[in-house]
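Engineer: So the chains spell out like this:
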Amino acid sequence: MSSAEELYKQLADAVVDMDEEKAVLLAKQAVSQKVDAYQAIDKGLAKGMERAGKLFEDEEYFVPELIICSDAMNAGIAVLKPHLKPGTAAARHKGVIGVIEGDTHDIGKNLVKIMLESSGFDILDLGRDVPPQTFVDKAIEIGAELILMSSLMTTTMDTMGDVIKILIDKGVRDKFKIAVGGGPISQAFADRIGADGYSKNAAEAVRMCQSLLA
Amino acid sequence: MPVISFINENINVTVEEGVSILAGARAAGITIESPCNAMGTCGKCKVIIHGQPPENPGAAVLACQTPVSGNIAVLVKDYREENRSLRILAAGSGFSYEKAPFITKHFRGGATQVYGGDKPLGVEEGNTAAACYGVVVDIGTTTIVSVLVDLHTGGELASDSILNPQTVYAQDVLSRIHFASKPEGLETLHRVFIEALRAMLFKMTSRAAADILNIYEVVFSGNTTMIHLACAEDPAPLGRYPYAPAIWGANHIPADTLGISPFGRIYLPPVISAYVGADITSGILASRLDEKKGAAVFIDVGTNGEMVIAKDGTLAAASTAAGPAFEGMNISCGMRANSGAIEAFHIDDDGNFSFTVIGGGTAKGICGSGLLDMCAELVRTGVIGSNGRFVFPEKGNCSDRLKKSFRSKDGKNAFFITDDVYLAQKDIRQIQLAKGAIRCGIEMLLAGLGIDAENVETVEIAGSFGFHLNENSLINIGMIPPRFAGKVRFAGNTSLSGGLAFLLNTAFREKMKALVKRINKIELAADPGFERNFIKYLNF
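Protein chains in written order, with my numbering: chain C, 1 to 214; chain X, 215 to 754.
Source of the hints: derived by calculation from the structure; they are not laboratory data. Do not rely on the hints blindly, as some may be mistaken.
[Stated by the list, open to error] Distance condition first, Cα-Cα at most 30 Å in a straight line; then the derived DSSO-like pairs of lysine-lysine:
no.: 1; chain 1: X; residue 1: LYS731; chain 2: C; residue 2: LYS200
no.: 2; chain 1: C; residue 1: LYS54; chain 2: X; residue 2: LYS640
no.: 3; chain 1: C; residue 1: LYS54; chain 2: X; residue 2: LYS750
no.: 4; chain 1: C; residue 1: LYS47; chain 2: X; residue 2: LYS750
no.: 5; chain 1: C; residue 1: LYS54; chain 2: X; residue 2: LYS313
no.: 6; chain 1: X; residue 1: LYS617; chain 2: C; residue 2: LYS54
Working from the sequences, and respecting the hints, build out all of it.
Structural biologist: Below you can see the structure in the form of structure tokens.
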């Protein structure tokens, strides 16, 4: 294993081990050793977050661990970011995310956003209580490929279907992949409103989004 | 030899000095629930005692752990309502107050005048002044409990409890709102409620040999959604931000549909917010939260954990989306507190576990209090780590007996209590979410009022399974701060006992109306610190 590869692994381990200080220390080491910053993020920190996501899916990790892992990852990224060479970053998939109108429960949405960002997605967070038209307008405005919606309340989830109706009316439904999630949401519900994807947790959401865009 | 006087039962028994109150009760044929079989762990045999030093008069002690040293008087919990298949909590702690009901009747000139406050409502022929009844209905999402009361004496004549018939159409509050957001859905949910209530009124008046036409006032206590449905009001706004109720209570509505006296009325206690309802107003009244010295906390544990904190008369209230885990929903072997449910669980010093099953038969599943006990005991003994993960048996320092209970279920670790009933890793996650939400709410309300948990003097826990909870378990899983130890009182169904106070003393209506206006309604999710706090309290 080359010293760079050894460092990537250590960076990944620091994230999985929830060790923010170590992640920062290793990131600084990467900078001083002139290791490519993009690779250090992609093969190191982000890889660690991917492993954390896997542990979450295996029920080994839970929300607090996932958040602390992402804190460690972001602390490392903050060190490396100024050293990214212009133009080295691969094109990132863009998406908009938000909690549907009428609903203000956003912890799940925030988790999905963290997981996607750590996997190289560019996510615009529209916040909570987001009207259907806003999802459509913002997705078109930033040239998003993904529209991601969540709801924790049975009473608000049907509004997600309105987003898809607006897209169809505008004749732009095919330009986007649409995925939904949240407490009362199921695959059957996603099928019923004509969404492209559903995932039951934040870690699974990453794989689902990747496969939608594959 | 000392004499124990059991107050409610009116029985005196002479015992050897040093025997426990529980042993004395058993000798006298009095039932004191003791699921841990006098281990001193389950806390269910609490009784109130008077007259024995060094305890304060009125102290609550464990009957199984308290030896009798001198003559004492003992107040045992009343079990009349407990021996049902579904354990519906009908009793709630009350307090004494002057009987001054809204409805009064006066016989003069050969006829009886019915008054509501100082306004005449109607006249009945002859002298009917003695027959003057009222009803309190606690409309819970899952259960409905009613009590028929003599308005002259305040005495309870009959009570009845049923499963809320609306559950057939939609299980939880949000599904209920969703179902009722269409006019025919609302009509259905309202109709089945009214039909069920009429049947309850009929049953109670028959049992008490009372005439249903002599019921003049019915108090509806319940969460905001249930009150909307009971009043045939569209609950849709409750299900969407900004969660605005259409009904705020503190008023009367006609009672035409109930078949009671033609002069009868329904009284709605004041509503605090969309998710802190009239049931909580009743709870504040029943626990006299606003009159407590120092800081006091009231928590209603359920699908929505509602909490109110009071300090020197300043009140703040919030609700948290705890989810239905405590009702046994979303749990692999979860069930309601029906017969066959494991309701208590304990691990002794040798690492052997024991549990109690409602009804005493074979365990079919685990209800809310059982889940809390299990998590708490497994956390206490290191079987579950502070991060909520099962510690692998080879790593943990648990006993062989506990290790043997670890088995794989669908490729994942699970803790088997019996061959059929187990606790899975994902179940623990659900409990973490539920208790984390409640703890986060408590901590944020405390912080908002600048109160240290240390300085909280009383903690009242109400709710559908209140009496079956165990303070140690609540602390061990971190649902309440450790500093609340020794301060917790399980208040039972305060929606009902508070509703009763509204019925029997009309002065509470204006008082609570003013108080509810003063309550600081906190929207936890709007606080930028909410998410971090919630996540912090997910751990055990």
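Engineer: Could you run down the list of hints and mark each one as holding or not?
Structural biologist: Going through the hints against the structure:
no.: 1; hint: X/LYS731 to C/LYS200; in the structure: 41 Å, violated
no.: 2; hint: C/LYS54 to X/LYS640; in the structure: 15 Å, holds
no.: 3; hint: C/LYS54 to X/LYS750; in the structure: 21 Å, holds
no.: 4; hint: C/LYS47 to X/LYS750; in the structure: 25 Å, holds
no.: 5; hint: C/LYS54 to X/LYS313; in the structure: 63 Å, violated
no.: 6; hint: X/LYS617 to C/LYS54; in the structure: 26 Å, holds
The structure is inconsistent with the numbered hints 1, 5, although it conforms to all the rest.
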